[in-house]
Amino acid sequence: MGIFSIVNGVYVMAGSLLLGALGGLLGVFAVLRKQGLLGDVLSHAALPGIVLSFIFLGEKNLPILILGALVSGMISALLIDKIVASTRIKMDGAMAVVLSWFFGIGILFLSYLKRMENVSPSGINDFIFGQAAGMLQLDVVLIGTVFGLGVLHVLIKWRQIKLMIFDRNYAHVMGVNHRFNEVLLTVIFSFGIVISLQAVGVVLTAALFITPAVTALFLANSLWATVLWSVTFGMIGGVTGAYLSVMYRDVPTGASIVVVLSLIFILVVLFSKKGFLMKMLEGFRYRVRVSYENAVLSCYRMMESGDCPEMTVKKDLVKGGVLVKLVAWRALVKKKLVKFVGGQWVLSKGGLEFGRKLIKKHRLWEVYLANKLSMDAGKVHLEAEDMEHILTDEMVVRLEKMLGNPKVDPHGKQIIS
Amino acid sequence: MKKNENVVEVRDLTVVYDRVPVVWNVDIEITKGHLVGIIGPNGAGKTTLLKALLGLTESVSGEVSFFGDSYGNVRKRVAYVPQRDSVDWDFPTTVYDVVMMGRYTEMRFWQRPGDEDHNVVKRALKNVGIEDLAERRISELSGGQKQRVFLARAMAQQAELYLLDEPYAGIDVATEKTISDILKDLVSKGKTVVVVHHDLSTVKEYFDSVIMLNVRKVASGSVEEVFVRGNLEKLYGGSLPFMDNLKI
Ligand SMILES: Nc1ncnc2c1ncn2[C@@H]1O[C@H](COP(=O)(O)OP(=O)(O)OP(=O)(O)O)[C@@H](O)[C@H]1O
Ligand SMILES: [Mg+2]
Chain B
1 MGIFSIVNGV YVMAGSLLLG ALGGLLGVFA VLRKQGLLGD VLSHAALPGI VLSFIFLGEK
61 NLPILILGAL VSGMISALLI DKIVASTRIK MDGAMAVVLS WFFGIGILFL SYLKRMENVS
121 PSGINDFIFG QAAGMLQLDV VLIGTVFGLG VLHVLIKWRQ IKLMIFDRNY AHVMGVNHRF
181 NEVLLTVIFS FGIVISLQAV GVVLTAALFI TPAVTALFLA NSLWATVLWS VTFGMIGGVT
241 GAYLSVMYRD VPTGASIVVV LSLIFILVVL FSKKGFLMKM LEGFRYRVRV SYENAVLSCY
301 RMMESGDCPE MTVKKDLVKG GVLVKLVAWR ALVKKKLVKF VGGQWVLSKG GLEFGRKLIK
361 KHRLWEVYLA NKLSMDAGKV HLEAEDMEHI LTDEMVVRLE KMLGNPKVDP HGKQIIS
Chain L
418 MKKNENVVEV RDLTVVYDRV PVVWNVDIEI TKGHLVGIIG PNGAGKTTLL KALLGLTESV
478 SGEVSFFGDS YGNVRKRVAY VPQRDSVDWD FPTTVYDVVM MGRYTEMRFW QRPGDEDHNV
538 VKRALKNVGI EDLAERRISE LSGGQKQRVF LARAMAQQAE LYLLDEPYAG IDVATEKTIS
598 DILKDLVSKG KTVVVVHHDL STVKEYFDSV IMLNVRKVAS GSVEEVFVRG NLEKLYGGSL
658 PFMDNLKI
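Those sequence lines, one after another, are chains B and L.
Sequential numbering from 1 applies to the first sequence in this note's numbering.
Sequential numbering from 418 applies to the second sequence in this note's numbering.
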């Protein structure tokens, strides 16, 4: 890979990998604690602190910059608390207002800094949209340390943290020191945000923390799985994003990371088992099934009432949208519910059997509604509509038993067992 | 243990929100083996009272003791079932896992749940009739199922005193019956159960004692003695049409 021919290529790769893992890990807890917005506030509000330390030092000194960022982030957080406590303004409103104040002030300071004579503003622009190419050993050590602390805290306090986020009162009752855990999580989260600023930029840092977590929450059913997925997504986003931005010089790292993470998010939301496409497909399959089952049913009913003793299946018995009709008809043929005899389609033996089963489900349900729920016999037909598509064979057996094997439905029609 | 031992003893408890007392000078004694209902109108301070007992809400005055000891020393023996909407049901976890939370006090951080823990959890799930939902994600539960999960978690704790906040709110008759059977069963085994309750028509059936609370304690004692028209009128501020249906 071309990236390792750059002097600090190893640091860039290691740093962005760790950064992604850090974002993925801390993001899960921040999102679950409904603190996603706090990340945005802290990163934006860090700008005045960063620029001020530049102005006073006259050059770039990473530890001091980080300190500046932390202090101004902290002041913004305190300010938000104060506003919420002493006015009727709600949390999200206070956050949005304070975030834009601090960011605006930061931008003002920045334009002042650029006009100063004895200060070289090189490197300061990285902090707006991020530049991973500038990462050095010190960055990697810092990021690694915060990540290590995060992992340690989460592992040791796993159950407490879980309990505290899910059910704070219960955690308290169980003797969990949730204040301590909450404060520690928030502190580690704030550190994580601040040390990401140079590589990812104040504008998009929060996305590195929030997007992997949100994506993982969409997929996973347990906290463990959520954390593992989130860390994985974060690492993929971090490394790929950093690689792209270093290889194509003009792309800010923040932007390329966010692009990669968003892509993962979109893929997951579309294609995962719980995703949109699966849901649509499920819906379509259901409609197809209802359509061909209804076709068999109406044919069976016509036969039963003597309207159509030869059991002809006309294609217009299959109802639904164009695609549904097409697929439903093919299903009828493929499942051998209909067969082609003497130049026309008729219900096959299997089809007849299938129809009998469906009608039984429908009529059993009518009996249930009428007998057990005391519904009017005139109404039960409509209420039982669609139940024949839903009842499973096992439920039929139970229903029959519960209803005492009825022989006729509320309209006096036969139930064949 | 002595038979008539006081499981809960509260003296002079007062809780204040924004300078307004919501629980005022309340004295309570609950003896072992009773099924106690706490009733009172909305905003009467019932939830606040439970929270104050457990130290979830600061009280400005008063003494609370459990089993003759301070709460900090007997946590494990007290199980709390909060109001259903007080937690984040979108949290990524399963029914089994939530019930296992009742066992957390038994484990150090490096320990994994042992056989005993798993057995207790399975039994609790079975008791409340949701063993087939064990692996279900909690966001996919109905209201009644959530209530059963909470109850199972409390039972997994194997406590001696159970404090439940409106377990009967918004559930169907079948779940209501299950819960009331479970609570009666607990009491028959010598446990003590305290329930915040709203539906006056079931008070006689569900409880043997009641505490009537409306900021101050209006009355407390056995259902026969205390659950009478005069007290209810005091509690709800005047005669209410539904009282005629209660045959009291
Ligand atoms: N955190 C809080 N801050 C301020 N006031 C509160 C707080 N929690 C409750 N209150 C107030 O305290 C009073 C008692 O509330 P509480 O929830 O204890 O009533 P309750 O008897 O449980 O009512 P409900 O039957 O509606 O559940 C109410 O007036 C309520 O508005
Ligand atoms: Mg309440």
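Treat the hints as calculated values from the structure; they're not laboratory data.
Hints may contain errors.
In silico DSS-like pairs for lysine-lysine, Cα to Cα no more than 27 angstroms straight-line [unchecked claim]: (1) B/K401 - B/K413; (2) B/K413 - B/K379; (3) B/K273 - B/K34; (4) L/K606 - L/K621; (5) B/K372 - B/K357; (6) B/K357 - B/K273; (7) B/K157 - L/K621; (8) B/K379 - B/K349; (9) L/K543 - B/K401; (10) L/K493 - L/K606; (11) B/K401 - L/K594; (12) L/K493 - B/K372; (13) B/K379 - B/K357; (14) B/K314 - B/K273; (15) L/K539 - B/K157.
These are the hints, each one checked on the structure:
1. B/K401 - B/K413: Within the cut-off at roughly 19 angstroms; holds.
2. B/K413 - B/K379: Holds, at roughly 15 angstroms.
3. B/K273 - B/K34: 25 angstroms, holds
4. L/K606 - L/K621: 20 angstroms, holds
5. B/K372 - B/K357: 22 angstroms, holds
6. B/K357 - B/K273: 31 angstroms, violated
7. B/K157 - L/K621: This hinted pair is violated, its Cα atoms lying about 45 angstroms apart.
8. B/K379 - B/K349: 32 angstroms, violated
9. L/K543 - B/K401: 25 angstroms, holds
10. L/K493 - L/K606: Within the cut-off at roughly 18 angstroms; holds.
11. B/K401 - L/K594: 24 angstroms, holds
12. L/K493 - B/K372: Violated - the C-alpha atoms of B/K372 and L/K493 are around 45 angstroms apart, more than 27 angstroms.
13. B/K379 - B/K357: Holds. B/K379 to B/K357 sits at ~22 angstroms (cutoff 27 angstroms).
14. B/K314 - B/K273: 37 angstroms, violated
15. L/K539 - B/K157: Measuring from Cα to Cα gives roughly 25 angstroms; hence the hint holds.
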